[in-house]
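Colleague: In case you want the letters, here they are:
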Amino acid sequence: MTLSIILTLLATTLTKSVPIIYAALGGVISERSGVINIGLEGMMVAGAFTAVVTSNAIGDPVFGPLCGLLAGVVAGMLVGWILGYAATKFKVDQIVAGIGINLICTGGAAYGLVLIFNQPGASAQVPSLGGANIQYFNLHAGAVALLVFAFVCAFGLNWLLFKSPWGLRVQACGENPHAVKSAGLDPLKFRLAAVTISGALAGLGGAFLSIGELNIFSDGMTSGRGFIALAAVIFGRWTPWGATGAAIFFGFFEALQYVLQGQVAWLPADAMTALPYVAALVALAGITGRVRAPAADGVPY
Amino acid sequence: MKRAIAFISGPIGPLLLVIVMMSIVMIVAGSTPWAGFAALFGGALGGTHELAETLAQTTALLFPALGLCLAFRAGLFNIGAEGQLLLGGLAAGALGANFAGPGWLAIPMILAAGFIGGGLWGALAGWMKSRFNANEIISTLMLNYVAISIANYLVAGPLKSPLASGAETAPLPAGSWLPSLIPDTRLTIALLIAIAIAVILQFVFTRTVFGYELRALGEAPEAARRNHVDINRLTWMVMGLSGAIAGLGGSAIVAGELHRFNTQLSPGYGFTAIAVALVGNLHPIWICLAAFGFGILESGGLAMQASAGVPKDAIHFIEGIIIVVLAARWYITTHVEVPAA
Chain Y
1 MTLSIILTLL ATTLTKSVPI IYAALGGVIS ERSGVINIGL EGMMVAGAFT
51 AVVTSNAIGD PVFGPLCGLL AGVVAGMLVG WILGYAATKF KVDQIVAGIG
101 INLICTGGAA YGLVLIFNQP GASAQVPSLG GANIQYFNLH AGAVALLVFA
151 FVCAFGLNWL LFKSPWGLRV QACGENPHAV KSAGLDPLKF RLAAVTISGA
201 LAGLGGAFLS IGELNIFSDG MTSGRGFIAL AAVIFGRWTP WGATGAAIFF
251 GFFEALQYVL QGQVAWLPAD AMTALPYVAA LVALAGITGR VRAPAADGVP
301 Y
Chain C
1001 MKRAIAFISG PIGPLLLVIV MMSIVMIVAG STPWAGFAAL FGGALGGTHE
1051 LAETLAQTTA LLFPALGLCL AFRAGLFNIG AEGQLLLGGL AAGALGANFA
1101 GPGWLAIPMI LAAGFIGGGL WGALAGWMKS RFNANEIIST LMLNYVAISI
1151 ANYLVAGPLK SPLASGAETA PLPAGSWLPS LIPDTRLTIA LLIAIAIAVI
1201 LQFVFTRTVF GYELRALGEA PEAARRNHVD INRLTWMVMG LSGAIAGLGG
1251 SAIVAGELHR FNTQLSPGYG FTAIAVALVG NLHPIWICLA AFGFGILESG
1301 GLAMQASAGV PKDAIHFIEG IIIVVLAARW YITTHVEVPA A
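These protein sequences, in sequence, are chains Y and C.
Using this note's numbering, read the first sequence as starting at 1 and increasing by one per residue.
Using this note's numbering, read the second sequence as starting at 1001 and increasing by one per residue.
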């Protein structure tokens, strides 16, 4: 009994952290290149929505969700590219543009929902990632594969950022783009690429939410995870593994409410709903002065 | 390219872009721009009641937008107006439902409760920023969700009216309702209060030391610091006032329209207000006009959905595009030499 609760808690923690991990990894690469990605939330929505629409359009129980994943990534990339283009070509205030991106995606998804599924609020049920049901995770094998892939991405991004010449240049763009320019390279190209990758990762995180963990898209389903991911980026000190750890930390508090529901009578359900957000707030406040953002983070070049 | 830049940086360009985008959105939804715009403007401005509804929406957007304007001017990205508005409304509802005094006393007290409730919530983010250097963009957004949880808990439990079937407070006594400007509509004197706040804000920005320091903090924080501006104090004060104005808006909705508090208080006014504040160029008087424009979109959007079949969520999609285009436009107008026409 107790062991099964602990295992369920661990498994649920991992499940709940997956979308945050993907988005946080996206946040890391974007901010390392010098672009603050407030639009992560919107990119997750774009990914989640496009995945459901694609899966629904194809309809095949195996092929549909796979194409949906791909479409979610592409949708996130596209939105990422738009923010990147605005940030590099037009030197927009990245925070303002990010807020705009979020509105475009949430509004666009709600609009598309009515047009495609003829109902506001939530889509119809669509084919989701299938396979055997995995014990404790309450997920199908396909979704668990996506969970494992999140760690592969963290590993890959870590290598990319810290070991590859390209990644080191991206980092230089976030610290001092003028130096990159002096070296004969175009920092704007690195930033555009980084934000586009960022969007792809966030889009994949969104797709996990809609067709991995569930089989529908509903308005507001990302419920601030893009912003929790931003907190994870800071808490994880702008490193892929740090952000992944932070995302799992926040995922734990989200998992708590599902596992503890009905188990602890004196704690109201609303307090548990607020837990992940309170955890993010405390984490944000608790790391004062001990972290340093990339020097040119958020500064247009 | 130069001509394109000159075009988009003019006043007509963005407006035209919005009209084109809206037309596309209407055509995609299976309607025509003609029918769509007719429904939109008819629904927003077509008669006394429609106009009153538009002005009520304007009011609801104006309070949080003015609050955000204050914070944005100080370089603080408060995106928590939604939560501040909600908790302002909660405080107002909790007080109003349990206070049976005469209107001249009850109404100011209810509004003050909203002001304080929203203000405390805003000041919390400001304090976290000044004390712990916690990024206010993330903290204010997280606080939105915490605010919703608090409100949900209180209206379903301690503050729940025993008579109500849903989760809401007891109704306010009729004497505590805000007087209507036009009978039988949701338009109340809150609109006048909001406009008065806009005028006061403009005065504060241009004529007071506080306003000067606030703008210095936003435009040249290093210069402000070297001139011994107490940045920490200023930060939580600005965030507090910003939340307070949004909270006042929440109490105006409670005392003027719902006459009770429930968590359906705001369909996202706090988020749309971000667009309103930015489109109003962070200038209180322009924000009043921007709020009216968005009020038309919000109230006309419902009519557009009902009679032209265009989902009203398209409005938020367009708002996002407006924000991104405006963000780009600031750069273009300040950094690219536009050839004389």
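None of these hints come from the bench; they were simulated from the model.
Heads up, the beta-carbon is just placed ideally off N, CA and C, and yes, glycines get one too.
Be careful, since some hints might not be right.
[What the hints assert, rightly or not] Here chain Y is said to cover these stretches of chain C; the calculated rule only asks that three of the stretch's residues, wherever they fall, bring their Cβ under 8 Å from a Cβ of chain Y: (1) 1091 to 1103; (2) 1164 to 1170; (3) 1258 to 1266; (4) 1311 to 1317.
[Claimed, not checked] Some chain Y residues flagged as far from chain C (calculated, every beta-carbon gap over 10 Å): (5) T2; (6) L3; (7) A11; (8) V96; (9) A97; (10) T106; (11) V148; (12) F162; (13) L185; (14) F227; (15) L260; (16) Q263; (17) D270; (18) A280; (19) Y301.
[What the hints assert, rightly or not] On the chain C side, residues computed to face chain Y include the following (Cβ under 8 Å): (20) L1141; (21) M1142; (22) V1324; (23) A1327.
Colleague: For the segment 1164 to 1170 of chain C, do three or more residues have a beta carbon lying closer than 8 Å to a beta carbon of chain Y?
Modeller: It is violated, with 0 qualifying residues against the three required.
Colleague: Could you check that no beta carbon of chain C comes within 10 Å of the beta carbon of Y:T2?
Modeller: holds, 28 Å
Colleague: Would the hint on C:M1142 stand, with a C-beta cut-off of 8 Å toward chain Y?
Modeller: holds, 4 Å
Colleague: Tell me if chain Y covers the segment 1258 to 1266 of chain C under the three-residue, 8 Å CB rule, please?
Modeller: Violated: only 0 residues of the segment 1258 to 1266 of chain C have a Cβ under 8 Å from chain Y.
Colleague: Minimum Cβ distance from C:A1327 to chain Y below 8 Å?
Modeller: Where the cut-off is 8 Å and the nearest Cβ of chain Y is about 4 Å from C:A1327, the hint holds.
Colleague: Less than 8 Å between beta-carbons is the criterion; does C:L1141 satisfy it with respect to chain Y?
Modeller: Since the shortest Cβ distance to chain Y is 5 Å, the answer is holds.
Colleague: Are all C-beta atoms of chain C more than 10 Å from that of Y:L3?
Modeller: Per Cβ check, Y:L3 is outside 10 Å of chain C; nearest 31 Å; holds.
Colleague: May I ask you to check that Y:F227 keeps its beta-carbon over 10 Å from the closest beta-carbon of chain C?
Modeller: Non-interface label fails for Y:F227: nearest chain C Cβ at 5 Å, not farther than 10 Å.
Colleague: If I take the minimum Cβ distance from Y:T106 to any residue of chain C, is it greater than 10 Å?
Modeller: Violated, since 7 Å does not exceed 10 Å.
Colleague: Examine the segment 1091 to 1103 of chain C: at least three residues should have C-beta closer than 8 Å to a C-beta of chain Y.
Modeller: violated (count 0)
Colleague: Is the nearest CB of chain C more than 10 Å from the CB of Y:F162?
Modeller: holds, 24 Å
Colleague: When you look at the beta carbon of Y:L185, is every beta carbon of chain C farther off than 10 Å?
Modeller: holds, 22 Å
The structure fails to meet hints 1, 2, 3, 8, 9, 10, 14, 17 and 18 from the earlier list, while all remaining hints are met.
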